[in-house]
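*Asks:* Chain by chain, the residues run as shown.
Number of protein chains: 2
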Amino acid sequence: MPFHSHVLKNGMRIIAETSPSARSTALGFFVRTGARDESPEVAGVSHFLEHMVFKGTPRRTALDVNRDFDRIGAHYNAFTSEENTVFYAAILPEYLPQAVDILTDILRPSLRDEDFDMEKNVIIEEIGMYEDQPTWSAYDHAKKAYFADHPLGNSVLGTADSIRALARDQMHAYFERRYVAANITAVAAGNLDWERLIALVEQHCGDWNSGPTGRQNIRETKGSGAFQLLTKEKVTQEHVILIAPGPAANDPLRYSADTLALALGDDSGSRLYWALVDPGLADSADCSYHEYEGTGSFYTSMSCEPSRMQENLAIVKGLLATMRREGITEEELQQAKSKILSRVVRGSERPMGRMQAIGMSWTYLNQYRSVDDELKAFEAVSLKSIREVLDRYPVDQVTTLALGPLADLKAASNGQK
Amino acid sequence: MPFHSHVLKNGMRIIAETSPSARSTALGFFVRTGARDESPEVAGVSHFLEHMVFKGTPRRTALDVNRDFDRIGAHYNAFTSEENTVFYAAILPEYLPQAVDILTDILRPSLRDEDFDMEKNVIIEEIGMYEDQPTWSAYDHAKKAYFADHPLGNSVLGTADSIRALARDQMHAYFERRYVAANITAVAAGNLDWERLIALVEQHCGDWNSGPTGRQNIRETKGSGAFQLLTKEKVTQEHVILIAPGPAANDPLRYSADTLALALGDDSGSRLYWALVDPGLADSADCSYHEYEGTGSFYTSMSCEPSRMQENLAIVKGLLATMRREGITEEELQQAKSKILSRVVRGSERPMGRMQAIGMSWTYLNQYRSVDDELKAFEAVSLKSIREVLDRYPVDQVTTLALGPLADLKAASNGQK
Chain Y
15 MPFHSHVLKN
25 GMRIIAETSP
35 SARSTALGFF
45 VRTGARDESP
55 EVAGVSHFLE
65 HMVFKGTPRR
75 TALDVNRDFD
85 RIGAHYNAFT
95 SEENTVFYAA
105 ILPEYLPQAV
115 DILTDILRPS
125 LRDEDFDMEK
135 NVIIEEIGMY
145 EDQPTWSAYD
155 HAKKAYFADH
165 PLGNSVLGTA
175 DSIRALARDQ
185 MHAYFERRYV
195 AANITAVAAG
205 NLDWERLIAL
215 VEQHCGDWNS
225 GPTGRQNIRE
235 TKGSGAFQLL
245 TKEKVTQEHV
255 ILIAPGPAAN
265 DPLRYSADTL
275 ALALGDDSGS
285 RLYWALVDPG
295 LADSADCSYH
305 EYEGTGSFYT
315 SMSCEPSRMQ
325 ENLAIVKGLL
335 ATMRREGITE
345 EELQQAKSKI
355 LSRVVRGSER
365 PMGRMQAIGM
375 SWTYLNQYRS
385 VDDELKAFEA
395 VSLKSIREVL
405 DRYPVDQVTT
415 LALGPLADLK
425 AASNGQK
Chain D
15 MPFHSHVLKN
25 GMRIIAETSP
35 SARSTALGFF
45 VRTGARDESP
55 EVAGVSHFLE
65 HMVFKGTPRR
75 TALDVNRDFD
85 RIGAHYNAFT
95 SEENTVFYAA
105 ILPEYLPQAV
115 DILTDILRPS
125 LRDEDFDMEK
135 NVIIEEIGMY
145 EDQPTWSAYD
155 HAKKAYFADH
165 PLGNSVLGTA
175 DSIRALARDQ
185 MHAYFERRYV
195 AANITAVAAG
205 NLDWERLIAL
215 VEQHCGDWNS
225 GPTGRQNIRE
235 TKGSGAFQLL
245 TKEKVTQEHV
255 ILIAPGPAAN
265 DPLRYSADTL
275 ALALGDDSGS
285 RLYWALVDPG
295 LADSADCSYH
305 EYEGTGSFYT
315 SMSCEPSRMQ
325 ENLAIVKGLL
335 ATMRREGITE
345 EELQQAKSKI
355 LSRVVRGSER
365 PMGRMQAIGM
375 SWTYLNQYRS
385 VDDELKAFEA
395 VSLKSIREVL
405 DRYPVDQVTT
415 LALGPLADLK
425 AASNGQK
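Protein sequences appear in the order of chains Y and D. With my numbering, you'll find the first sequence wraps up at 431, consecutive numbering, no jumps. With my numbering, you'll find the second sequence wraps up at 431, consecutive numbering, no jumps.
Calculated directly from the structure, the hints in this document are not laboratory data. Worth double-checking, as some hints may not be accurate.
When chains are identical, the list treats them as one kind, so a pair holds in a single copy or across two.
EDC-like cross-link-like pairs, simulated, lysine to aspartate or glutamate; straight-line CA separation at most 16 Å [said to hold, decoys possible]:
id: 1; residue 1: Lys69; residue 2: Glu216
id: 2; residue 1: Lys236; residue 2: Asp292
id: 3; residue 1: Lys246; residue 2: Glu209
id: 4; residue 1: Lys134; residue 2: Asp175
id: 5; residue 1: Lys351; residue 2: Glu108
id: 6; residue 1: Lys398; residue 2: Glu388
id: 7; residue 1: Lys246; residue 2: Asp292
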């Protein structure tokens, strides 16, 4: 499948992987900005701004945005993370002009005062809802505990207080600084005419302001190593998250890190699964590898009856210590690889999956990666490269956060009860 | 994409749509049995049996089933509905032999007493969990109210009592009667060698018992027309479901019915959306068309603040009456079609989507339907065929069930407050 790349005069990049046999097209705009790019006084502005993007432009009310997407049967959405804000749509190929028109139009939102004030309440409600979810809340607090003063500890949603205090002009200033042409990549995959795409994006975005891009404070961290217990009497089960350091998104070891996390904590048939979930000691136990610009980490999470937590925590820490010391077996490696290869292949079968994948590769590596590139990289993972990850990133040197009804919990020492 | 079909001597059918450019393979076994095929004393046995299928065979423990799927990185699952029990896996093409081996092996489960007793508790817990979900609970009760003594009113999960009373030998008898070769279709899509598939299925299933297939009590129903209020003080919002009659799964009007439901109640940009969700009168309001063997129905559901329910219910009934009388506009038709065409295309992009689609077409029509067949059928929907649906199936002649804190609710008359 051919790959194409082009840069407009104002610095905006357009990339696409075209596939003439596809029956649909996926189109996304990747804005390289997120919670890590926020100062404390505008905490949550990236995510709030993502909402405001759908609230209208000089040419469209919020209602028009909804209706216009609907008219072309678009399947559309957006998300905000620590590092990216992405707007996207899946469409039938004949609607490419309309999709580019709508998506580029909403990316220059009016940020009207009345919409801003109304949406503020929606966001504050959303924050309340998420805070009521123990899994999400534990994750957010654990991230903060691990990253401490590193900007990756910033909450994507912000707090009810930070959102309440946010002024429309602060959001506008953030928008002007971060939504510049050179900080946005237009990404397409599936059935589309590449020259047509360039022309359409140029027509709509050619006059967008350029400006300095990038981000500050890109640095590695190995985490604070803290141990925190948050007592929430209303929560039924006890939740714990252990975060350990891992390779950054542009590190070739990322493939080995991903494989390692799967062997340790896939939600079926992994070490954590067999030790805790299968015998019924925990409701859930899993591990995943998160990669960022400049650093990365392994998130191990587990939830169980409060009365079992002290013992289960010792089991988890024991597994992490054993894994760091002894690595994984050849059989575990092969099984984890089978799962990952299958996941990569299945994820690549839709233009939407490819659009997301090439957009992320470009964001983190400034590089195109085909499905075959990715498959080869995972196939090359070996016990030796897994060993290298474990030596450079001690998976048992964790920052721990527990959340639930427990009033007392001891930091179990590594590898023993 | 070529279609293939073959029948083994014992009556088991194998069908496949092969696509050499696909990178994965989806494989499913469709057992034509579900809640509607249950007598009251074994209510819930189909779904319980679906669970037991993963609990082991003479050759495999439950643990082996899990490990063997994991070893090939299979993405696997199963579901039970009123009419079908389906077991499936998505795999890399080279693992076809293993996938056929595991799936066919588990379809002859041991149904061991100890596993049966343990899984019984899991099912009873699952029923409790679902009963705590007002949306699901309202749906299950509404279905019962609409279908009354028609077997499609049977709950897929059964009740805690029916499951508690179920004996292992009753399940075994049901299995022997319903899981006969001629009642099962093996369905594959994606990258696979057709001759190889036949050989594999024949090798594993060639000696399976045949036996009579089919089902009893296939008849149309237009619903009881009842109005029921279930008061549940613990539930916060009030939920209502209105069920109206619709065309059966093998009726060519099904495409028009699906389009009509979308225009009435898609979760964005439909009549219900603009009347209730967009102005903030309801939390959710949608409509979907459900097709069955012999009959069909439109499910309209809405949830809102209890204090708003009486008024909202009048709005919903007004919309249904207006729609029956006046139909939809050309613009609504075009918009609904855009959405459906986009949905069909996106659903067809993965072998998993095609496997499900051709399996269902074969189950209900004994016919292969290509993506193009489906697209053409939706493109042919017209204001005239929509009119025909509305004339034959009065969308405002509903059976109504409300569930929530309200102690009192009046059946609003059609079309007025």
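*Asks:* If you check each hint against the structure, which ones fail?
*Replies:* Hints 1, 2, 3, 6, 7 contradicted; others consistent.
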